[in-house]
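Participant: Chains as they are written, first to last, in this note's numbering: chain A, 1 to 1079; chain B, 1 to 452.
Honestly, I wouldn't trust all of these hints.
Covered, in the sense of this in silico footprint (three residues per stretch, anywhere, with C-beta under 8 angstroms from a C-beta of chain A), are these stretches of chain B [as the list claims (entries may be wrong)]:
no.	region
1	165–176
2	205–217
3	260–266
4	289–297
5	436–447
Pulled from the structure, derived: some chain B residues nowhere near chain A, Cβ distances all over 10 angstroms [said to hold, decoys possible]:
no.	residue
6	Ser366
7	Thr388
8	Glu405
Straight line, CA to CA, 20 angstroms or less: simulated SDA-like cross-link-like pairs of lysine to any residue [as the list claims (entries may be wrong)]:
no.	chain 1	residue 1	chain 2	residue 2
9	B	Lys278	A	Gly114
10	A	Lys82	B	Tyr307
11	A	Lys82	B	His401
12	B	Lys261	A	Glu113
13	B	Lys261	A	Gly114
14	A	Lys503	B	Gly313
15	A	Lys75	B	Gly362
16	B	Lys318	A	Ala991
17	B	Lys253	A	Ser505
18	B	Lys278	A	Glu84
19	B	Lys318	A	Ala91
20	A	Lys997	B	Gly345
21	B	Lys261	A	Asn81
22	B	Lys318	A	Glu84
23	B	Lys261	A	Lys728
24	A	Lys1028	B	Lys60
25	B	Lys278	A	Asn81
26	B	Lys60	B	Gly81
27	A	Lys82	B	Tyr254
28	B	Lys309	A	Ser505
29	A	Lys640	A	Lys503
30	A	Lys997	B	Ser424
31	B	Lys440	A	Lys640
32	A	Lys75	B	Gly313
33	A	Lys997	B	Val439
34	A	Lys997	B	Leu408
35	A	Lys1028	B	Ser424
36	B	Lys253	A	Pro78
37	B	Lys261	A	Ser505
Hints are computed from structural coordinates only; laboratory data are not their basis.
Here a beta-carbon is modelled for each residue, glycine too, at the ideal position from N, C-alpha and C.
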Amino acid sequence: MSVKKTYWKGISEKHQTPEFVNASSKEFQDDLPVDEFIGDEGLDQFKTGRRDFLKFMGFSIAAATLASCEAPVIKSIPYVNKPEEVTPGVANWYTTSFYDGFDFANVLIKTREGRPIWLKGLKGGFTKGGMTSRIAASILNLYNGARLNGPLNNNEESSWDKVDSSISKKLTDISNNGGSIRILSKSIVSPSTQKVIDSFGNSFGENVQHVQYDSVSYFGIRIANKECFGQPILPSYHFNKAKTIVSINADFITNWIVPTKYSVDYGSTRKPENDWMSRHYQFESVLSLTGSNADYRGQIKPSQEGETALALLNELKGKAHDSSLNEKTLKLIQKAAKDLKANMGSSLVVSGSNNKDTQVLVNAINDYLGNYGHTIDLATPLHLFNGDDAKVEQLVNDVIAGKVDALLVYGANPVYSLPNGKAFGEALSKLKLSVSFSEYADETASKCSYVCPDHNYLESWNDFIPVAGHYSLQQPMIRPLFNTRQAQESLMVWSGSALRDDKESVSYNNLIKQQVASYGLDWNWSVHDGFKAVSFDSPIVNSFSGDIVNASNSVKKRALSTGQWEFTAYSNELGNGQYASNAWLQELPDAVTKVVWDNYITMAPSDCYKFFGINTDNPKAAWDGIHLAQEEPAFVASVKVNDANLKLPVYPLPGQAAGTIGIPFGYGRGENQENIGRSAYQVGEDGEYLLEDGKKVPIGANVFKLSSFNNGELVYSGVAELSLLEEKYPLACTQTHHTIMGRESIVKETTLDFFSDPHTKKEDYNPPHVLHSHAEGGHSEVKATEYSLWDEHPVEHVGHRWGMSIDLSSCNGCGVCIIACHTENNVPVVGKDEVRRSRDMHWLRMDRYFSSIEDDNRNDWEADRTKGDFSYANLEIPEENPSVLFMPMLCQHCNHAPCETVCPVAATTHSNEGLNMMTYNRCIGTRYCGNNCPYKVRRFNWFNYRDYRKFKHINQAQDEMARLVLNPDVVVRSRGVMEKCSFCVQGIQEAKLRAKKEGRPLVDSDVICACGDACPNDCISFGDWNDKDSSVRKDSESDRAYQALEEVGVKPNIWYQLKVRNIDQEQLVASNQVHDEHE
Amino acid sequence: MKIKNNWFRKGIYFSLSFLLFIFISSVVFAQDGKKLFKANCASCHNPIKNATGPKLQGVKEKLINAGEGDLLYEWVKNPAGLYGSGKSQQAKAIWNYSPTAMTAQGHLSNEEIDAIFAYVDAYTAPTLPTGGDVAVVSSSKEESSSAIWWVIAGLLLIIIVTVGGIRRQLSYALAEKEGSPKDPNISTGMLIQSWMVRNWFVFVLLLVTVLITSGVELGNRAYKIGVFDDYQPSQTIAYSHKLHAGQMDIDCKYCHHSAVKSKHAGIPSLNVCMNCHKVVHEGTVSGTEEIAKIHEHVGYNVSKQDYNKDSDGNRIEKPMVWNKAHNLPDHVFFSHQQHVHENTGNIDCRQCHGPVETYTLGRVASTEEINAYAETDEGSEKGIVQLTKPILTMGWCIECHNKKEIDLTSTGYYEEIHNRLKNSPDAMSRILKDKKVTVKELGGWECAKCHY
């Protein structure tokens, strides 16, 4: 195990390019423009002399003094009739469910004085506490000022009475004349909503048809299951039972079907202390978050998805096959097959493809492995993602051909997300009646003759059956903020089954009550718990009867349709674009690329070389040429697929399969100036919207335009033509910020075999950092922790000592913790321009390290390569397919904190309880502390984000409505102070007070930071280290525990549990041998 | 004789017992009518006004006039029974007065009932005292007294100037008489200058004094910037703590009930006021004027005995805007429950708010005022600590944190802390050097306790 790995955050760091070396020697990315200022000739032109300056200063001081003598009168308005359950200053928690047609989760909402301000996953529900960053950020959408305040008729404000009477009349007319009425909705998983739609259908006759539509569709799985098992169902997948997982382009941790559940299930198999740890193979084109977590990762083109499945099936069955897959991938498939065979019945193969044939082959593999009934459950099917692509295509064609008279669009934005959305939108405005229930005047709604805005999910009653046997309830957290009405009630009013009522309407609520009663459940308890188990009838399925031969032939044919470039559209943090105007999500760095506020084309670095035509004699400088885009703007390319054409910057992504490009969904919202929210458009340096021909420029481009219908399936990948454009485009990327100054002990990892080998000790895989001592003439090695410049801090024994432990093995880098921290601590959003200046304010960041086996002899080879000689192509190239490690980095609350000693005003000090306290009102902003922090976790507050004009479209505190999301327990910091993670001290204080009031010792479950509370995988444990029974104490003493930058001797209060990869020891040794051969 | 005697004795006994009866009943009448009324009837009845129940004055007479005088006792003791029996026409008429049935007062004796009605029939509305106790935003006494000093100083200054002027005129006159007229080239400035040169010592002394005095004054004033003791903002409603917490002796935490549950003590919501003011429509100080404001905002119709509602059945309410008296800066986190809960600080409200039961509207007490209260028997009994720093400043907070002690045996929480301390002899000896554990020693002076 002498393999040495190097860790790098970006390609330029790996190669120590001139640009990187230059940048890393600087503490702050930008120098102060002193020379520029003093050298400014214009200074002489100023008439203000020294005396004037003094006069102004004197006046200002006098004015300030006078002003401070007068106290402002502060008004206070108590409740007139206080609700019994509300105590001002005390949070109430309520269960509810989140469902938007893309994500589903059981959640717990924190409300203060009736305002929802924070949420976390509900443990024990269907999703077991799982979350995505979209759900975590969804609170902000409630307060989006762009939400419609009342119904629209032809994009003009109208009233509910008028809209109701004219829509009812038109519906009746159309129905009486035998016209066709269509409802196009997101997948309906609510039994009560289904009832409403059914009764709507009944009252307007047989001409009503309901079509369900998923912008990102899983129809391929359903039709494959129809062929294989006789039922078009989406089965339940149990990742928690799978010892070997093979995923072909399925990003199940963040974006595939129910990532909220799968990420938790998967995370539970990634703890090396458990009886077993899963081994995960991923075959994909773009380096996804799931791929980053895989133990083995193979690279395939999108067209090869089916062939990969076929190769795996043949390998399992021991059949010979020829395929277009490269040798490395084939080798990996062989290895995966071996592991799968060893775990028959406890393995799982999934594919993210929406192609029936591919899914048939995947079913065949799972059937061969005997996974049905174990890791795949056909008997309890999912109700999510009902979308029928064939019906959608039919409907879209009908609408475009003018065969539809009335269209009601609920929970979907087809004009944005359909391949032919533009034509659909034009046809939509010509219909006799088109109604949208969108909360915003979005792409689809603005084309409809009527918009009847729905409530936000935090204002609505609803019920869901996401999976057979699981009944979830949604309850309102707040009275509707705007003049909106729940879509279900609108339908009920038009079909005459309810009368129009005001915001307190109960007509839909009564339906849900009936539904609850029909299960024999108690209403109050059902609402209280948020979900209940209910009985159901399992679908009757055949045994596997898929047509493997036909599927094989067809996937082979598919693999032939390739070109120089293949594109694949994938989901990242933004999902399908519903939350494009959510500033928190936009500012959340993409898990892998770390780019914020933009979308881009991901391309393999080696492809970038060729594509950009870089040719330089200096190999190191050549790496600068491909531009991570933070220092230098990125190259811009145009992607052409059939008639659609997108223009996007190119981002070199290590791990991207050669010859492929990836583009995330969800960008390019509001192309036609639709009002979907303040933060949905590009903003210039002055804070004004960027304008192009007088129009606001959307963020990124809409990749749905490149998708297509193919034989009744939505296809999100294919052959693309790529051409390099002259222009350049700056990207904001947190990737290269905050250098770690060559200290490599920040991340540690080992392999499962080595970790669980009874002969290995902690010192073998988790060696402490030692210093060489020459004391008393001899040479000895002494643990770095034994040296200290200071006396022990007294926190070790007295009272509490707050500590945190973060498990790098089960952390998958999803970023929910970042949003949770942002929300809890009122962290300002700063926007793209400020992030480009390295002024992002995240208190908690997710460091992403690529790693590769070190090879010192590479330089010659690189020199050749940069000259265009790729003959050494079978050597391992570090950025071709690196392994990835995620590490949440936050203030380490060092007991010997270097920041504390340099503060000239004692604004940052150490508490008796081990907290590194930051006192904003004492800080004068010297930034010495930030300079002295080895972890680079301190953030300087450069602006009054809450009222400076630069942030008016970005910062939530500048919107009268969005301001309601601020946490009243945490101060909103002002300009000129340092800020950083406080270990959620407000929560600590609250927990201590609770224990004090109850007169009992504080226990582990009392206190948790926002990040740890929201973490779906419980990677973060927090507690009192002085309590010997606390989980953090136990974790800190575990074999995997280490402290980042231990050798610096700052004695942090955070322990990391090193990453354990389930990879073969031989494999590492083998690459070590390769490594040796070169030496 | 015997018989006579007997009769005589009987007569004496009879008259004695009659006298006793008269005496006792007169005692009952005189002393207990009011008390009985307050204890049993006042929650629903007012003698001269309709409340939850109808006004009671004249009811007895009305019954007697209707020939049902003897049913009065039965009515009071068992109203439902009387109504059910159908004996009384009056009971039938009155039964529909209100949806709230009268609570049977079976424990009252006939004499007590008589006493109550005697009190009710004799009741007259109290005349309102004028001015006086009505809450008025005070102009502080100190200010008026210092104004007097300013006036005196002004008068003295005028006298000095006048006398100086007269003296100067006289000296000119003298000089003229003696034949040396005033040199017109010498200006006043030059005169002053020459005076300064001649009396340089006096001048320097004067200058230093003025500088020091103004410096000290400036310092004192600057120190008081942001200190708003005696701040008593005006309010929509002239609420009197003196009346409620003082005379009525209502506990602070009855109205400010969230003080033990939350960081906010809270301005009471109007439904708390209505717990009493649903019945009490008239105050002793300002009559119906102020209480009517509660009813106006909460939407209560006194004559209908019900809340005003809109067509949907929701109450028509009007939020009441208050001016906050105690204002901490936004960057300070202060928790009432931490300080007043019995298991934590267990501090009396008066430690920070002073003797509120003597104020009318809410106001910020001054440190001196609280110190004075601490010296009273009541104050020392409540454990009020004397502090020196101006109220609501950080110095004031942490001064108290340095003085207040924590009993490490009081609750399970502190016992655990105590156990841990015992394991650390260093810390133990450091903290227990002075034989007491203060809030400061357990971290009460740390920034992140209040600033985050």
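Participant: Each of the hints needs a verdict: does it hold here or not?
Facilitator: Here is what the structure says about each hint:
Taking a C-beta to C-beta cut-off of 8 angstroms, the region 165–176 of chain B contributes 0 residues in contact with chain A, too few for the three needed, and the coverage statement is violated. Counting residues of the region 205–217 of chain B whose CB falls under 8 angstroms from any CB of chain A gives 0; the rule of at least 3 is not met. Taking a C-beta to C-beta cut-off of 8 angstroms, the region 260–266 of chain B contributes 5 residues in contact with chain A, enough for the three needed, and the coverage statement holds. Only when three residues or more bring their CB closer than 8 angstroms to a CB of chain A does the claim for the region 289–297 of chain B stand; here the count is 1, and the claim is violated.
Residues of the region 436–447 of chain B with a Cβ under 8 angstroms from some Cβ of chain A number 4, which satisfies the need for three, so the listed coverage holds. The non-interface label for serine 366 of chain B is consistent with chain A: the shortest C-beta to C-beta separation is roughly 15 angstroms, beyond 10 angstroms. Distance to chain A confirms threonine 388 of chain B as a non-interface residue, since its nearest Cβ pair spans about 22 angstroms, more than 10 angstroms. Taking the minimum C-beta to C-beta distance to chain A, about 15 angstroms, the non-interface status of glutamate 405 of chain B holds against the 10 angstroms cut.
Between lysine 278 of chain B and glycine 114 of chain A the alpha-carbon distance is near 27 angstroms, which puts this suggested pair outside the 20 angstroms criterion. As the CA atoms of lysine 82 of chain A and tyrosine 307 of chain B are separated by approximately 15 angstroms, the hinted pair is consistent with the 20 angstroms bound. Of the pairs offered as hints, the one joining lysine 82 of chain A and histidine 401 of chain B is violated, with about 34 angstroms between alpha carbons and a cut-off of 20 angstroms exceeded. A hinted pair counts as satisfied when its Cα atoms are at most 20 angstroms apart, and lysine 261 of chain B with glutamate 113 of chain A qualifies at roughly 14 angstroms.
Distance restraint check for lysine 261 of chain B and glycine 114 of chain A: the Cα-Cα separation of roughly 17 angstroms lies within the 20 angstroms cut-off, and the hinted pair is therefore satisfied. The hinted pair formed by lysine 503 of chain A and glycine 313 of chain B meets the criterion: a straight-line CA distance of about 14 angstroms does not exceed 20 angstroms. Straight-line distance between C-alpha atoms of lysine 75 of chain A and glycine 362 of chain B comes to about 14 angstroms, which keeps the hinted pair within the 20 angstroms bound. Distance hint between lysine 318 of chain B and alanine 991 of chain A is unfulfilled; the C-alpha atoms sit about 37 angstroms from each other, more than 20 angstroms.
A distance of roughly 37 angstroms separates the Cα atoms of lysine 253 of chain B and serine 505 of chain A; the hinted pair therefore is violated under the 20 angstroms criterion. Between the alpha carbons of lysine 278 of chain B and glutamate 84 of chain A the distance comes to roughly 19 angstroms, so the proposed pair stays at or under 20 angstroms and holds. Among the hinted pairs, lysine 318 of chain B with alanine 91 of chain A is inconsistent with the structure: their alpha-carbon atoms are about 25 angstroms apart, more than 20 angstroms. The suggested pairing of lysine 997 of chain A with glycine 345 of chain B holds, with an alpha-carbon distance near 10 angstroms, which does not exceed 20 angstroms.
Only pairs whose Cα atoms come within 20 angstroms are accepted, and lysine 261 of chain B paired with asparagine 81 of chain A is accepted, the gap being roughly 18 angstroms. Between lysine 318 of chain B and glutamate 84 of chain A the CA atoms are separated by roughly 19 angstroms; this keeps the pair inside 20 angstroms, and the hint holds. Restraint check for lysine 261 of chain B and lysine 728 of chain A: not satisfied, since their Cα atoms lie roughly 59 angstroms apart, outside the 20 angstroms limit. A distance of roughly 77 angstroms separates the Cα atoms of lysine 1028 of chain A and lysine 60 of chain B; the hinted pair therefore is violated under the 20 angstroms criterion.
Restraint check for lysine 278 of chain B and asparagine 81 of chain A: the C-alpha separation of about 14 angstroms stays at or below 20 angstroms, so the hint holds. A C-alpha spacing of about 19 angstroms is found between lysine 60 of chain B and glycine 81 of chain B, which places the hinted pair at or below 20 angstroms, so the restraint holds. Annotation: proposed proximity of lysine 82 of chain A to tyrosine 254 of chain B holds, straight-line Cα distance about 15 angstroms (limit 20 angstroms). For the hint linking lysine 309 of chain B to serine 505 of chain A, the alpha-carbon distance of about 18 angstroms falls within 20 angstroms, and the restraint holds.
For the hint linking lysine 640 of chain A to lysine 503 of chain A, the alpha-carbon distance of about 48 angstroms lies beyond 20 angstroms, and the restraint is violated. Of the supplied pair hints, the one linking lysine 997 of chain A and serine 424 of chain B is violated, its CA atoms being roughly 26 angstroms apart against a limit of 20 angstroms. A hinted pair counts as satisfied when its Cα atoms are at most 20 angstroms apart, and lysine 440 of chain B with lysine 640 of chain A does not qualify at roughly 69 angstroms. Note on lysine 75 of chain A and glycine 313 of chain B: the hinted pairing is violated, with a Cα-Cα distance of about 30 angstroms set against a maximum of 20 angstroms.
Between lysine 997 of chain A and valine 439 of chain B, the direct Cα distance comes to roughly 16 angstroms. Compliance with the 20 angstroms bound is thereby established for this hinted pair. For the proposed pair lysine 997 of chain A and leucine 408 of chain B, the alpha carbon gap of about 14 angstroms is at most 20 angstroms, so the pair holds. At most 20 angstroms may separate the alpha-carbon atoms for a hinted pair to count; lysine 1028 of chain A and serine 424 of chain B meet this at roughly 15 angstroms. A C-alpha spacing of about 16 angstroms is found between lysine 253 of chain B and proline 78 of chain A, which places the hinted pair at or below 20 angstroms, so the restraint holds.
With a C-alpha separation of about 33 angstroms, the suggested pairing of lysine 261 of chain B with serine 505 of chain A is violated against the 20 angstroms cut-off.
Violation of the numbered hints given earlier is confined to hints 1, 2, 4, 9, 11, 16, 17, 19, 23, 24, 29, 30, 31, 32, 37; the remaining hints are satisfied by the structure.
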